[in-house]
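Engineer: What follows is each chain in one-letter form.
There are 2 protein chains.
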Amino acid sequence: MSLPAVHRDPTLPERVTIYEVGARDGLQNESALVPLETKLEFVQRLTAAGLPIVEATSFVHPKWVPQLADAADLVSRLDLRGATPYPVLVPNERGLDRALEAGVTHVAVFASATETFAAKNLNSTYETQFAMFEPVVRRAVDAGVQVRAYLSMCFGDPWEGEVAVDRVVTAGKRLLEMGAYELSLGDTIGVGTAHHVEVLLDAYAEAGVGTDRLAMHFHDTYGQALANAYAALRRGVTTFDASAGGLGGCPYAKSATGNLATEDLVWMLDGLGVAHGVDLPALAETSVWMAQQLGRPSPSAVVRALTTG
Amino acid sequence: MSLPAVHRDPTLPERVTIYEVGARDGLQNESALVPLETKLEFVQRLTAAGLPIVEATSFVHPKWVPQLADAADLVSRLDLRGATPYPVLVPNERGLDRALEAGVTHVAVFASATETFAAKNLNSTYETQFAMFEPVVRRAVDAGVQVRAYLSMCFGDPWEGEVAVDRVVTAGKRLLEMGAYELSLGDTIGVGTAHHVEVLLDAYAEAGVGTDRLAMHFHDTYGQALANAYAALRRGVTTFDASAGGLGGCPYAKSATGNLATEDLVWMLDGLGVAHGVDLPALAETSVWMAQQLGRPSPSAVVRALTTG
Chain A
1 MSLPAVHRDP
11 TLPERVTIYE
21 VGARDGLQNE
31 SALVPLETKL
41 EFVQRLTAAG
51 LPIVEATSFV
61 HPKWVPQLAD
71 AADLVSRLDL
81 RGATPYPVLV
91 PNERGLDRAL
101 EAGVTHVAVF
111 ASATETFAAK
121 NLNSTYETQF
131 AMFEPVVRRA
141 VDAGVQVRAY
151 LSMCFGDPWE
161 GEVAVDRVVT
171 AGKRLLEMGA
181 YELSLGDTIG
191 VGTAHHVEVL
201 LDAYAEAGVG
211 TDRLAMHFHD
221 TYGQALANAY
231 AALRRGVTTF
241 DASAGGLGGC
251 PYAKSATGNL
261 ATEDLVWMLD
271 GLGVAHGVDL
281 PALAETSVWM
291 AQQLGRPSPS
301 AVVRALTTG
Chain B
1 MSLPAVHRDP
11 TLPERVTIYE
21 VGARDGLQNE
31 SALVPLETKL
41 EFVQRLTAAG
51 LPIVEATSFV
61 HPKWVPQLAD
71 AADLVSRLDL
81 RGATPYPVLV
91 PNERGLDRAL
101 EAGVTHVAVF
111 ASATETFAAK
121 NLNSTYETQF
131 AMFEPVVRRA
141 VDAGVQVRAY
151 LSMCFGDPWE
161 GEVAVDRVVT
171 AGKRLLEMGA
181 YELSLGDTIG
191 VGTAHHVEVL
201 LDAYAEAGVG
211 TDRLAMHFHD
221 TYGQALANAY
231 AALRRGVTTF
241 DASAGGLGGC
251 PYAKSATGNL
261 ATEDLVWMLD
271 GLGVAHGVDL
281 PALAETSVWM
291 AQQLGRPSPS
301 AVVRALTTG
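So the sequence lines, in the order shown, correspond to chains A and B.
Reading the first sequence from the start, the letters are residues 1 to 309 in our numbering.
Reading the second sequence from the start, the letters are residues 1 to 309 in our numbering.
Source of the hints: derived by calculation from the structure; they are not laboratory data.
Fair warning: there could be bad hints in the mix.
Examples of chain B residues toward chain A, derived with CB under 8 Å [claimed, not checked]:
1. D9
2. E162
3. T221
4. D264
Ideal Cβ placement from N, Cα and C applies to all residues, glycine included.
Looking at chain A on its own, in the form it has when it is part of the complex (with noise of 0.2 Å):
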């Protein structure tokens, strides 16, 4: 199997935490339901193959995302005291009871930081949002749960345009203060460019967010979202969302390639010799595998490239 030369860049950091979001993030559009067993294989394939954090599912409301229906069944399954967490995506107060029935210990919140998308995902407005994600936080948190931020929309909005940064920033420190331990800056149709994202992780520094606390979500909707992952490295951030594969894509652009594929940006971080700890030939039959269970090839430049011809 090939692999990049490496060239280590001293002035990168030495480590990044890679957070894997296929099984909610990449699965939850698909159309077919997936069998709770495939997603129960694939979210262990991951966990062996390395991802040090594994997204499992989301519990939402089965009307809006009948995909994630099984999402209590598959938590039951999990190792969720071994040491690989499972977060599981809570939208409201029930979502957030069922998870803590299930025994999770992680969960995410998905705040928009424009008010359109707040009003089309979150039925809300962006003001209300975090009047319903406040007792969210603070009750998973007084649990003894541990809860991340998504901040969608963070560079561009398909009805707003363009998202100012400084209303990124507000809206991010609103989530970090209420009790998230980390906030992933999310560029949800992937318009986001480099020098995009430096300013954004620029205006969080000056604003008292240092990088510690910051993971990039990219999606690779025109292609930036490695590119724009470098940039990010560079900046000092060390917390990545990717998906196996590639997979997943976002219901407002039916024709979008999904998330940043973790397979794409491990090649990168060998290349540059940041840690990871993934092992990539078992992850990308993993991607391979899941690929076949869809009925489609993965959209991963290096999937492809390590499995066929």
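Fit chain B to the given chain A structure using the hints.
Structural biologist: Below, chain B without anything else, positioned relative to chain A:
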């Protein structure tokens, strides 16, 4: 149409030249013959979209690349004295003779940084290729024709693995010293990563070859092309090879995706506030049209995102 928000990075070059290779590098591996009229329309639409230099074809022997057997006919239909140069590849003196007869103003030679690829692609050795190209470059320059030199396998080679940076610098300098005005450094199999790019550019700088004489030619086989282009841009490179719609692929890795897609590069440059002169919608329309001629969708993320869903 969506466009990226502009965040100008003042440390980057203000303007770059995109050297469009779709009509040559993109088409040369197509097995089904593309009609001459289609190639002509492709080149003319690329020109109309603002690409400042459009490599048109190769005067390789038709036995080796039947797809480009119509090189002389194609060139005879182009405006060779207009504002847009139409370079052609010339593999040897016989190819140069044909190109000069056709009245071209720009030619390109294609050398290898490795022994094995010199044998397989050029039926030569690493050393004898220079003797082969020397009269080609000299005679072209004497005829008032500009010569570009490609150097392939600058990052890795499928048979030899990593390629040493000093070997790449030595080979490239020899090509420039022959009289080439520009050296295009190719990651032919797409294995390179961002700091490897920086290390190579730094080695050239140390050897007295600045970015004013260098171009970068990336393939997206492992998803690294745009991140690598960004790293090169940060080091001051101002000429980038790219292929409309991401056309093309390496014949030695069938599954590989092709060249860096011009549209994905343009999207990044637009976001970074780096001028390039290309009309993105016109270019994306051209790539969609060309994809229809070839009977399969464009691999470019930007083309897909702008033209569907």
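Engineer: Under the criterion of a CB-CB separation shorter than 8 Å, is B:E162 in contact with chain A as hinted?
Structural biologist: holds, 4 Å
Engineer: Restraint: B:D9 near chain A, CB-CB cut 8 Å. Satisfied or not?
Structural biologist: holds, 4 Å
Engineer: Would the stated hint for B:D264 survive a check requiring a Cβ distance to chain A of less than 8 Å?
Structural biologist: holds, 4 Å
Engineer: If you take the shortest Cβ to Cβ gap from B:T221 to chain A, is it below 8 Å?
Structural biologist: holds, 5 Å
The structure is consistent with each of the numbered hints, conforming to all of them.
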